[in-house]
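Assemble chain B with the ligands onto chain A, guided by the hints.
Chains A and B, in that order, give the protein sequences.
Number 310 marks the last residue of the first sequence (numbering that gives the first Met the number 0); no jumps.
Number 321 marks the last residue of the second sequence (numbering that gives the first Met the number 0); no jumps.
Since the hints were derived computationally from the structure, they do not count as laboratory data.
These numbers were taken from a predicted model, which means no experiment stands behind them.
Beta carbons are placed, not taken as given, at the ideal position from N, Cα and C, and that holds for glycine.
Just so you know, not all the hints are guaranteed correct.
[What the hints assert, rightly or not] Quick list of in silico lysine-lysine cross-link-like pairs, DSBU-like style, CA-CA up to 30 angstroms:
| no. | chain 1 | residue 1 | chain 2 | residue 2 |
| --- | --- | --- | --- | --- |
| 1 | A | Lys241 | B | Lys32 |
| 2 | B | Lys317 | A | Lys241 |
| 3 | A | Lys241 | A | Lys259 |
[Said to hold, decoys possible] Just so you have them, the derived chain A footprint on chain B, three or more residues with Cβ under 8 angstroms:
| no. | stretch |
| --- | --- |
| 4 | 51-57 |
| 5 | 124-130 |
| 6 | 296-307 |
[Stated by the list, open to error] Label-pair distances were calculated between CB atoms; the ranges are:
| no. | chain 1 | residue 1 | chain 2 | residue 2 | range |
| --- | --- | --- | --- | --- | --- |
| 7 | B | Met0 | A | Tyr306 | 44 to 52 angstroms |
| 8 | B | Gly48 | A | Asp267 | 47 to 55 angstroms |
| 9 | B | Gly68 | A | Val239 | 34 to 42 angstroms |
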Amino acid sequence: MYLLMLRIRKFEEKVVELYPAQDMRSPVHLYIGHEAIATGVCLNLRKDDYVSSNHRGHGHCIAKGMDMRLMLAEFYGKKTGYCKGKGGSMHLVDPENGVLGTSAIVGGGLPLAVGAALASVMQGNERVSVAFFGDGAVDEGSFHESLNFASLKKLPVVFVCENNFYATNSHQSARHSNNDIACLAEGYMMPSVCVDGNDVITVFETARNAINRARSGKGPTFMECRTYRWKAHVGPDCDVEKGCRPREELDQWVKRCPVKRFRELLLDENVLPESEMLELARQVDEEIEEAVIFAKNSPLPSPTELYEDVY
Amino acid sequence: MARLNVVQAINLALRQEMRKDKRLIVLGEDVGKSGGVFRATDGLQEEFGEDRVVDTPLSEVGIVGTSIGLAVNGMRPVAEIQFSGFLYSAYDQITTHAARIRTRSRGRFTCPIVIRSPYGGGVRALELHCESQEAILAHTPGIKVVIPSRPYDAKGLLISAIRDPDPVVFLEPMRVYRAIKEEVPEEEYTVPLGKADVIKKGTDLTVISWGAMMKYTREALEKADYNAEIIDVRTISPLDSETIINSVKKTGRCLIVHEAPRTCGFGAEIIAQINEKAFLHLEAPVERVTGFDVPFPMYKLENYYLPDERRILKGVEKVMKF
Ligand SMILES: Cc1ncc(C[n+]2csc(CCOP(=O)(O)OP(=O)(O)O)c2C)c(N)n1
Ligand SMILES: [Mg+2]
Numbered sequence: 000m001y002l003l004m005l006r007i008r009k010f011e012e013k014v015v016e017l018y019p020a021q022d023m024r025s026p027v028h029l030y031i032g033h034e035a036i037a038t039g040v041c042l043n044l045r046k047d048d049y050v051s052s053n054h055r056g057h058g059h060c061i062a063k064g065m066d067m068r069l070m071l072a073e074f075y076g077k078k079t080g081y082c083k084g085k086g087g088s089m090h091l092v093d094p095e096n097g098v099l100g101t102s103a104i105v106g107g108g109l110p111l112a113v114g115a116a117l118a119s120v121m122q123g124n125e126r127v128s129v130a131f132f133g134d135g136a137v138d139e140g141s142f143h144e145s146l147n148f149a150s151l152k153k154l155p156v157v158f159v160c161e162n163n164f165y166a167t168n169s170h171q172s173a174r175h176s177n178n179d180i181a182c183l184a185e186g187y188m189m190p191s192v193c194v195d196g197n198d199v200i201t202v203f204e205t206a207r208n209a210i211n212r213a214r215s216g217k218g219p220t221f222m223e224c225r226t227y228r229w230k231a232h233v234g235p236d237c238d239v240e241k242g243c244r245p246r247e248e249l250d251q252w253v254k255r256c257p258v259k260r261f262r263e264l265l266l267d268e269n270v271l272p273e274s275e276m277l278e279l280a281r282q283v284d285e286e287i288e289e290a291v292i293f294a295k296n297s298p299l300p301s302p303t304e305l306y307e308d309v310y
Numbered sequence: 000m001a002r003l004n005v006v007q008a009i010n011l012a013l014r015q016e017m018r019k020d021k022r023l024i025v026l027g028e029d030v031g032k033s034g035g036v037f038r039a040t041d042g043l044q045e046e047f048g049e050d051r052v053v054d055t056p057l058s059e060v061g062i063v064g065t066s067i068g069l070a071v072n073g074m075r076p077v078a079e080i081q082f083s084g085f086l087y088s089a090y091d092q093i094t095t096h097a098a099r100i101r102t103r104s105r106g107r108f109t110c111p112i113v114i115r116s117p118y119g120g121g122v123r124a125l126e127l128h129c130e131s132q133e134a135i136l137a138h139t140p141g142i143k144v145v146i147p148s149r150p151y152d153a154k155g156l157l158i159s160a161i162r163d164p165d166p167v168v169f170l171e172p173m174r175v176y177r178a179i180k181e182e183v184p185e186e187e188y189t190v191p192l193g194k195a196d197v198i199k200k201g202t203d204l205t206v207i208s209w210g211a212m213m214k215y216t217r218e219a220l221e222k223a224d225y226n227a228e229i230i231d232v233r234t235i236s237p238l239d240s241e242t243i244i245n246s247v248k249k250t251g252r253c254l255i256v257h258e259a260p261r262t263c264g265f266g267a268e269i270i271a272q273i274n275e276k277a278f279l280h281l282e283a284p285v286e287r288v289t290g291f292d293v294p295f296p297m298y299k300l301e302n303y304y305l306p307d308e309r310r311i312l313k314g315v316e317k318v319m320k321f
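Isolated chain A, as found in the complex (with noise of 0.2 angstroms):
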């Protein structure tokens, strides 16, 4: 758990790192401070199970098991990428792990959850869906109608809705006549909670019953995650300094660093010594190395393969 944290926070350091040479072709959400919704949820399920992303969906992605190294070269536009080159940050998508996509649509990935849902009913292959969505998912109609019919067939999806209180620099609080998002669900007559989303334990736990539940045939739940993104709305820079959210707010936030704080659990809990998390922490640093080496020196698409994939 605590590895995985790691690596997604790792990862996207790494892309800040990398963005401002400028040779990285693709804009990018950043998922820092979100990590432990990511790695809370998908670390219940199976390689088989489904996610629906969306625009910040590196952590999904990770946590769902895909491949830093392809996913880096998408950013550069490279062949070798997940959607070789032609897709970019937001459109990665990657069946072997069960990654439906992660779509540049806000709202849009609901829909693809439920429906795969419905499929695995179909099929009876006991397959979950996973719908990730922002605070802003909820201002669509897709939100809406996804619940509705997920509820109404008893369909195994979580909905996860990462609140981080922000849609790009609208405050919830200015987009949505009632701030309580999880009670919404409960309109749609399923089970809700709203969970600390910086508390990795917490989530997972929420998302084992709610998975659980999802598989034995129960029907869909819905899962508040409160949390707060570090990083502008899009790109590696910091947003406070422009004025688009208040500095007390990240800085409040950021003391509850959820990689930190598990960090710190695991420590006081004597799970796992300092010793092994400095060796986590080279063993990540170093498959990123791996990644971005790969990511750079592969190449680039060529025209021909313009129209590949179309039909």
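Structure of chain B with the ligands alone, referenced to chain A:
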């Protein structure tokens, strides 16, 4: 007169029209406090307040649908959709309501909305942030589709669009948002909808384009060995066929350049009209230089996807050497 870019010209048009007409309101995601993704509505909320420059929830169907309701009841909404790729869900409201309200009410209601949206590729964004949907929209009777290619027209066309009694989708070429600066009069003026612009007279062939491609087509033609007549369509729908047909009758040759996919791209409609109205004047088949029939690709392949100087000049040669 100040030298402005396209974004500034749009901002100026909105500001001046809002001062004149109290019915005008601007709404969209992040248009108010943040001034819009591309800053086209920068400073408007400060001047006109939160009631007239409205930050909406993240819901395109809601933004467009609400605008229609506003328009039918006497307001003049200018809605912003952050990228035209997010128009697809709202296209439902556009085609099922906005486009038909005048017809359905047999002229008793009109629907004076403007939907502004940055469109097109070439800015290293990703799929869905690079779409060119002018042909889809033009295929919807009841909707006007306007595309400025430069700051002067952006201001004049937007003012016309705002004052027009019918729904207008106003597509703004993102790639030249800041790439072109020119003198834009401070005082108000309009550029009429439905009127193409012959930006250069010529005798050898007619070259037709619109949006961001206009700039690149013009630049390419400076290197061509022929004297081209260049037409900026400006309003895709309703199309100014007359200007196009007159020009083609004169030159006998025609090339169309657009970045949208080729099949059923708007170039196809122009060719059909030329066939109908100027066939016997043609010295060569009309050629198209277009994007490809694929979802918009990122980075490296984007360079191949978008018509560039080489492809445009090749198109010219093909038309001239026939
Ligand atoms: C349909 C649609 N509308 C607008 C956008 C532009 N956009 C991209 S992300 C975003 C904010 C999303 O907020 P949220 O869902 O809360 O996710 P977060 O970025 O906070 O993780 C917006 C408005 C989009 N991608 N798709
Ligand atoms: Mg959010």
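Do the hints match the structure? See the list:
1. A:Lys241 / B:Lys32: Distance of about 12 angstroms is within 30 angstroms: holds.
2. B:Lys317 / A:Lys241: violated, 51 angstroms
3. A:Lys241 / A:Lys259: The hint holds at about 27 angstroms.
4. 51-57: holds (count 4)
5. 124-130: Coverage by chain A holds for the stretch 124-130 of chain B (5 residues, Cβ < 8 angstroms).
6. 296-307: Result for this restraint: holds, n = 7.
7. B:Met0 / A:Tyr306: 44 to 52 angstroms: holds, 47 angstroms
8. B:Gly48 / A:Asp267: 47 to 55 angstroms: holds, 52 angstroms
9. B:Gly68 / A:Val239: 34 to 42 angstroms: holds, 37 angstroms
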